[in-house]
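Here numbering that gives the first Met the number 0 is used: position 101 in the sequence shown is 100, and no number is missing along the way.
A portion of the hints provided could be inaccurate.
[What the hints assert, rightly or not] For lysine to any residue, the following SDA-like pairs were computed, each having C-alpha atoms within a straight-line distance of at most 25 Å:
id	residue 1	residue 2
1	Lys74	Tyr167
2	Lys129	Lys74
3	Lys74	Arg204
Derived from the structure by calculation, the hints contain no laboratory data.
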Amino acid sequence: MVFCGVDEAGRGSVMGPLVVGAVFVESDEDLRELGVRDSKRLTPRARERMYEAITSNTEWHVEIVSAEDIDLLRKEMSLNDIELRMFADAVSRRECDTVFADCPDVNEEGFGRRLSASLGGHGGVTARHKADDTYPVVSAASIVAKVTRDRMIEDIRAEYGCNIGSGYPSDHYTMDFIRGWIESNGRAPAHVRCSWEPVRQMLSRRANTKISDW
């Protein structure tokens, strides 16, 4: 029997990609021994160590959607719909008997039914809030997604050669970088989700003022 865990990283970020990780195992015993847990509760060093162990010893897959593609997709679907599609694509990489998903929707049962339908009526889908705290295989998927995204943020940081922060709107380094770029260039930098309200407000303000007014 094959279990699949699926989770995301970067859902709420204003900068950088949305990454979905899927991990496939026949038993979660090794993951339990490794000490996997919700990636947000691990130090970066612990995440990297566990990432190497997970990706070396299990089947896994990631789906990645860039900030630019998120902006395009949000013209026709919700963020939950985008994530649902990414979950289905990741899980579909191999046959499995049971799927455990960290649910992004307020309605666990509804999201589970929709994911099952997207997988062709798969009968073994369980979608739960904080599943990454409950199911080790989802914790593993969370770690794979988080480390993948963190490495991509490091690449973006190197591209700009300055501190862009974590990419989340709660991070003042991220927001200061975006704000400064818009002030200087009149547009958002690459890798930024322009459909996010804080960025829309910055762009609107910049369009209606002169640089000397900032």
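Structure-based check of each hint:
1. Lys74 with Tyr167: Holds, at about 21 Å.
2. Lys129 with Lys74: 28 Å, violated
3. Lys74 with Arg204: 22 Å, holds
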